[in-house]
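Now for the letters of each chain:
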Amino acid sequence: MTTNDWTRAQLVECVLESVRQLLAVGADFNPQSDLVAAGLDSLAVTQLMLAIEERTGIWVDESRLTPDNLRSAETLAACVYEQLADG
Amino acid sequence: MSSWRTGDAPLTGADCFLRSFDDEARRFHGASHLSQLVLRLGPNFDADRFRVLIRAVVEATPILRAPIRRRFGVGPPVYRLARAGAAPFPPVAVEHAPLAAYDDTALPALFAARLSARVAMERGELVRFDVVRYGDGQRTDLAMTWAHLLFDGAGSELFIRRLDECFHGRRAIADLTADDPAPARPRGTLRERARRAQWWQAQMIGYGAAPPRSLGGPRRRVRQALAYDVVTLSPAETALVTERAAAVAGYLTPVLFYLAAAIRAHDAVFTTRGEDPGHYLVPLPVNRRAKGGDCVVFRTNVSLLWFHVAREHVGDLAGLVAELMRQRRDGIRDGAIEAATAAMEFVRLAPARLHSWLARNNLGGELASFYFAFTNEFLPGMATFLDAEIANGFHVPSVLPSPGTSLIMSIRDGRLNVTLIWQRGVISDDERLRLREHLLDDLVGRASGAEPLRSSG
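Chains R and P supply the protein sequences, listed in that same order.
Those letters in the first sequence? Residues 3 to 89, by this note's numbering.
Those letters in the second sequence? Residues 29 to 485, by this note's numbering.
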């Protein structure tokens, strides 16, 4: 899959999978769950961005990692999607 | 892990890494590698009840005075918990001073002297408390000074919280460590850990090709004599600094903004001296507590991420932050944090002096350019300690005569504390002021030489 082939839904799934690998989240963790409450700290978010880069080929600019964008897997996926769209 | 009451509690890899510095402090500087937590308290602190509390907590928590030794002289060093009962209780010393002696802008000289002391970890001398009570108790300064490996910074704050919980009956004294999991250990098979440790070793050897230069210079035999001062910014200044940190280094990694400012402040002193340090090498502590493992109080639960910066990157603050961000990202991608953990784990088996000896041999007699940490909020959400208002609080880890300087930052109740620790003789008063002013200029984004900020140091 090239960088431009990702849909929003696929990115949400990609973020969710990466979060599940990095953090000890429960079965009820979903696209709207709070990432910071789940244990996402500065180290984990960098590991998450690296995992996303490995899958999508895109490194998300740190300046985009605002509290709003890091609220949930869904908002983070939207942020990645925007960066993909921006090229 | 063995029982907290009767068995042996092994030192972590990071403990043994710090023990290497302690060995150097003993053999070359007549001191120990200690750390300190300072609380500046308002009225109502009852020193007598504090002393009673500490005695009860120590009786129930043997690690606080357990001799640190290798079993039968071999193997990794451990806390001999079963021998703790024979060790003396940690001292709680109370001094009285007139209220007029209290100074918002200065700390008791006694505290810095405690940081330069020598303790016998092999006899269980691990922690002490010094209380300076002003007037009729309108103000109190409290310093907890410990062998640096007993707690890390986060652990020391947890310990203070638990003392307060015990004092108010929210936690049974006997259960101070009841819900403590064992510290995180490196993951993977022995082969995988050995490969990571080798990677780390190769990285450290690589730094030897462009070794750092500290303000203290290579190691020399001098008596340890530490001093420190603290600058406390106002809430408005702190808001400005944190806003800048987020803008320059990102919302999640403001630490790199503070580190960049610290490097540039040191560079300003080298410039004043007319010297070129060539490269900067600074280790950044990384908390290794597992998610949900925030309750690990004792022992050092950190790894290290090293930053190696050529002087050509230092001229521009934003450019330096970008370089540090790149190094951090690459380091995490390459597994540098796990590699450092694995390497430190192997150090447990080696003679205490090995790490320090190897590092200095490789780095032209140096260990690092300086020590640095930004520990975020200090005791967040905790307004009082034993019913006395916490007016301010911060960490003060010691630093060896080489590198000779350390910058530690944290935020207490919306105010940034910047603590500079230095070995006497390493840096002149003029150089220290230059370092401080340059640092504050970068933090708040002022042109150098503008009106100085209010400071408490």
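Since the hints were derived computationally from the structure, they do not count as laboratory data.
Misleading hints may appear alongside valid ones.
To be verified - So, partial list: chain R residues that the calculated Cβ filter (under 7 Å) puts toward chain P:
1. Glu19
2. Gln23
3. Val47
4. Val62
5. Leu67
6. Thr68
7. Asn71
Stated by the list, open to error - To list a few chain P residues with every Cβ distance to chain R over 10 Å, as calculated:
8. Gly35
9. Pro118
10. Val120
11. Tyr130
12. Asp131
13. Asp257
14. Ala264
15. Ala277
16. Leu280
17. Thr281
18. Arg301
19. Gly347
20. Arg361
21. Leu377
22. Asp457
Remember, it's a predicted structure, so these values are computed and weren't measured experimentally.
Cβ atoms here follow ideal geometry from the backbone N, Cα and C, with glycine treated the same way.
- prompt: Taking each numbered hint in turn, which are not upheld by the structure, reported in ascending numerical order?
  reply: Of the numbered hints, 1, 2, 4, 7, 15, 16, 17 and 20 do not hold.
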